[in-house]
Amino acid sequence: MIAAGRPRLQRPAGLPLLATVFVAALAEIAVGWSVAASHTELGLYVGAAVALGLCFIFWRQAVYAVFLITFVEGFFRNLLDRPSLLLVKDVVLALIYVRVFGGRLARGLPLIPHSPINRPLAVFSAIVLLQTLNPNVSSMAQGLVGLRAWLYYVPLYYVGLEMLQSERSRRRFMWFFLGCAVTICALAVLQYLRGPEAYAAMGQAFARSTFFTSGVRGEATIFRPNATFSWPTHFALFLAAALFLNIALLLTSQGRARVLQWLVLTVLTCTTLIQGQRSLFVLLPPLVLMVLRLRSRLRVGARLSAVSVLGIVLIDRVAGLGAFDRVIGLLQNEDGVLAVRVLTYWEHFQAGLQSSVIGLGTGATAVGSRYVAGEASGEVADIPLFVEVALAKVVADFSVIGLGVYLWLFARLVAASVKTHNRAVAVGAEETASFAAVMMAYQLLVLYFGYELAAAAIPLWFLSGAVVGPGLPAPAPLPDALPDTTASPGDDDRWRRGGRTSDNHTIIQKPAGQL
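Start counting the sequence shown at 1; every next residue gets the next number (our numbering).
Since the hints were made in silico from the structure, they are not lab data. Watch out, some of these pointers could steer you wrong.
Derived DEER-like restraints, expressed as beta-carbon distance ranges [claimed, not checked]:
1) Phe281 x Phe56: 38 to 44 Å
2) Gly108 x Phe67: 50 to 56 Å
3) Gly53 x Arg104: 41 to 47 Å
4) Ala351 x Ala126: 35 to 41 Å
5) Ser296 x Ala141: 36 to 42 Å
6) Arg104 x Arg168: 19 to 25 Å
7) Ser139 x Ser169: 39 to 45 Å
8) Val367 x Ala106: 20 to 26 Å
9) Leu109 x Ala351: 44 to 50 Å
10) Pro286 x Gly255: 29 to 35 Å
11) Gln165 x Gly108: 16 to 22 Å
12) Glu430 x Arg107: 40 to 46 Å
13) Ala141 x Leu193: 25 to 31 Å
14) Leu105 x Phe211: 23 to 29 Å
Glycine residues also receive a C-beta, built at the ideal position from the N, C-alpha and C atoms.
Hey, can you work out the whole structure from these sequences and the hints?
The structure is reproduced here in C-alpha cells:
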C-alpha cells in the first residue's frame, strides 16, 4: 500500500523574478527621491545595497560582473587614484561565495565538493594561515593582504566547478571573455597610437603607471599600453588567457564562427606584439605548440604563424616597426637579454630562499603590502622583499616547505586538466578536450608568472574548476564479437566483449537427428 502524502503547493516559477523586479523598482524610487532631496550619499548607499542584493540572488550573472569589473577596475583605480576601488569585486565575490556554498549546505551537500586539488589546497591554506603569525610579519594588515593574494580567489575554483557544467555554458562564457578582449584591445591600440604622453596626461596615477622603454640599440622608445588595466603586466596576463580561450574555440568552430575566431586571433596577436611582454614571446609559442600537438592539429600551427606574420605587417603599416622592436631585440638576444633575465630570476629566487629559514610570512612579497605599510605616513612604502619570479615569491613568504606544497597544488591542477582531456578524447567530446588542453597550457603559464594579481588569479581558479566540472558520457561499449566457433562441443559458447566473456549464452541449433 502506498501512502499518499499531502500535496505540496508549487511556487510559481516567476515569483522570485517578480519579487526582484518589485524590490528593484522600490529601490529606484528611493534612490531617485534621495538624489532629488540632495541626499546623494544616501542614494548611493541604497543603490549599492540593491546591486549587492541582486548579485546575491543572480549569482551566475554576478560572476560575469566580477570578470567585467576585473577587466576595467585598473582604469578607474588610476582615474580616481584610489586603490580601495580594487576591493569592489571582492565584496561581490563574498556574496557569491555565501550564495554558492550556503546553497550547497541548504541542499544537504558537503560544503566543499570533491575535487583533485582538495588535499594540497588544504595543506597550502594551512601554511598560508600559519605564516600570518610569522614574527617577520610587520602588521596584521600585511597578513590580510597576503591572505587576499594567496587564498581569497581560490574558492572560484568551486564556483566554476558548479557554474560551468556543460559545453554550452562554457562556450557562452568564452565568447563573453573574447568579446571583452576585442574591445579592450581596440582601446590598447588607440592608446599606443596616441603615445605615452597622452596617457600620462590623464592624471597623476596614469603618469605613475606609464611604462615605456628603449628599443633596439636604444634608437626607439617603446610604449607598453595598459588598456583598461593599471599596469602592463596585468594586461599581458589578460591577453594570454584570451589567446588560449580563442584557440580552444578556434579548434572546434565551424563556418562563420571559425572565420570570426580567426579574426579575433589576429586582433589578439597584434595587440600582444604591441603590448611587448617579452616573457609571453618566449613562453606562448611552445605552449601553443603543446596544445596543437595534444589535439593533433599541428597543421593549424602554420596558419597561426601566418597570422603572426600578418600581425607584424599590420603593425608595420599602422604603428611602424618600432612597436616590434622588443621582439627584434629578443630574437637578436640584444645585450644578452635572455641570459640577463635568467640570471635575474635566479638571483631573485636565491634572495627569497636566503631571506629567512621560516620564510618572511604571508604578504611579504605582495605588491599591496606597499600601501598598508605606508598607510600611517601617507606614503607608499617598500615591501619587505621585491622579487619578480613567482617561485621566488612563494619561497620568500612560506620557505621551502611552502614551495613544495605550492608545486604539489599546481601539479594536481595540471594533472586534472590532462585527465579531463584524455577522457574527453575517449568519448569524442572535442570542445571539452580543446578546453582542457588550453587550460593545461594556461596553468603552466601562471605557474611561471604567479597568481598574485587578480588578472591572473580570477581566470585561473574559475576556469580550472570548469575543467573538472562537466560530466562526460561513458565511453561507448565495444561492438560484440562473433561467438568463438573453435570451442569444443562441451564448452560454453560465450559472447566475448573487450577480451572478457559475458554471461550471455548462445543457443546452438543441432540437426534434427541428434535431438
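Now the hints, each set against the structure:
For Phe281 and Phe56, the Cβ-Cβ distance of about 43 Å falls inside the hinted range of 38 to 44 Å, so the restraint holds. Taking the beta carbon of each, Gly108 and Phe67 are about 30 Å apart, not inside 50 to 56 Å as hinted. For the pair Gly53 and Arg104, the supplied restraint of 41 to 47 Å is violated, since their beta-carbon distance comes to about 21 Å. Roughly 26 Å separates the CB atoms of Ala351 and Ala126, a value that falls outside the hinted 35 to 41 Å.
Between Ser296 and Ala141 the beta carbon distance is about 51 Å. The supplied range of 36 to 42 Å is therefore violated. One distance hint, 19 to 25 Å for the beta-carbon pair Arg104 and Arg168, holds here, with the actual separation near 23 Å. The given range of 39 to 45 Å is respected by Ser139 and Ser169, whose C-beta atoms sit roughly 42 Å from each other. At roughly 38 Å, the beta-carbon separation of Val367 and Ala106 lies outside the given 20 to 26 Å, and the hint is violated.
A hinted range of 44 to 50 Å for the beta carbons of Leu109 and Ala351 is consistent with their spacing of about 45 Å. In this structure the hint that Pro286 and Gly255 lie 29 to 35 Å apart at CB holds, the actual value being about 31 Å. Restraint check, Gln165 to Gly108: a C-beta distance of roughly 19 Å satisfies the suggested window 16 to 22 Å. The beta-carbon spacing between Glu430 and Arg107, approximately 32 Å, falls outside the hinted interval of 40 to 46 Å.
The given range of 25 to 31 Å is broken by Ala141 and Leu193, whose C-beta atoms sit roughly 41 Å from each other. Leu105 and Phe211 have their C-beta atoms about 46 Å apart, which leaves the hinted 23 to 29 Å range violated.
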